[in-house]
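K.L.:
Here is how the chains run, residue by residue.
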Amino acid sequence: MTKITFNTKGVGLFKSLNKSENKTVQPHASNPFGISFKGNVIQADVFETTSNKENPGQAIKEKGKMFMSAVVGNINSFNNAIKSRLNSVVSFGKRVRDNVSNWWEQAKNTEISFDLNELSRFVNEKFHMNEYSVGNLTKRPVGELEELWKAEMAV
Amino acid sequence: MNMSRINNIIEALSCHEDEKEAVRVLKEIGTNSPIDEVREKTAQALIKRNTHDSLVVALIEKGKGIHDLSTRVAMSAINEVLALEDKSEAIKILEDTMNLHSDETVRDTARSVRALVEFSR
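Going line by line, the protein sequences match chains A and B. If you read the first sequence in our numbering, its first letter stands for residue 2, the second for the next number, and so on. If you read the second sequence in our numbering, its first letter stands for residue 16, the second for the next number, and so on.
Please keep in mind that the hints were generated in silico from the structure rather than gathered at the bench. There is no bait here: all hints are sound.
Stretch by stretch, here's where chain B covers chain A in the computed footprint (C-beta under 8 Å, at least three residues):
1) 136-142
2) 146-152
Pairwise CB distance ranges, derived in the manner of DEER restraints:
3) E145(A) - D68(B): 20 to 30 Å
4) E52(B) - R98(A): 52 to 62 Å
5) I50(B) - S114(A): 34 to 44 Å
6) E100(B) - S114(A): 54 to 64 Å
7) E76(B) - N118(A): 42 to 52 Å
If you're wondering where the values come from, they're calculated on a predicted model, not measured in any experiment. Heads up, the beta-carbon is just placed ideally off N, CA and C, and yes, glycines get one too.
Go ahead and model the full structure; you've got the sequences and the hints to work with.
P.N.:
Structure (C-alpha cells):
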C-alpha cells in the first residue's frame, strides 16, 4: 500500500499547468488561415487593414510625412509670394525716386516770383469777406447795417 | 451790387437783438426794393423772426410778403410760414387779416395761406 502524501499529489497537479505555459508561439500565428505558397508559409499579414490595426504608429508616421510635405509646399509658395511683393515694392520705390528727381529738375528750372498786388488784393478780399460774415454783422448796430445795405444797393 | 453781402446783411437783421430797428430797416429798404431777390430774402427774414411786428409786415401789408405781386416772392414767403416751428402767432395774424382787413384780395390770400397752414399740420 502506497502512502499518498501532499507532495506527490501536488507535483502531479502542477505538471499539467506547466505544460500549458511552455507552448511556443508559431511565427505564422497571426495568420489565421495559414496559407502557404509553393510550400512557404506567409510570415505576416498581407491585408493592409489588419497590419494598420497592429501598427497604429506606422499610420501616424505616414500621416506626419504627408503633413510635413504639405507644410513644405506651403512654405515654398509663401516664399514666392513674398518675393513677388518685394519686387513690386522695389519697382514702386524706383518709380518714386525717378519722379522726385524729375520734380527736382523742374523746380531748379522754375522761376518763383511774388505778385504783391495780387497778394494784397487776395488778403483784402478775404478780410472783407470776414467783415461781411453774418456773425460779425449781427454784432454791429442796426444803423450801421442800414448804411452798409444802402451803400451796397447804390453800387 | 454784391448780392452775397446783401444776403448776409438781411440774415444778420433777421436775428439781430434790436428787434424794432431791425424790422424797420427790413421794411423800409428790403420790402420796397425793386429787386425780386432782395424782397424775397427780406420776406423770409421777417417771417423767420416770428415776432408780432415782423409777421404783421409779411402777412398783412398789401404788396409785401405773402401779398407780393411777384409769385416767386409770395411763394417763398408762404413756404417760410409753413416751415415755422411755432405757427401760433402767424395763425392769429392770418385769422385777424381774414376777418378784419379792408381789402378783399388781402383777405382771400390770408384765407388761402391759413388753409395751407392747417393742411400742413
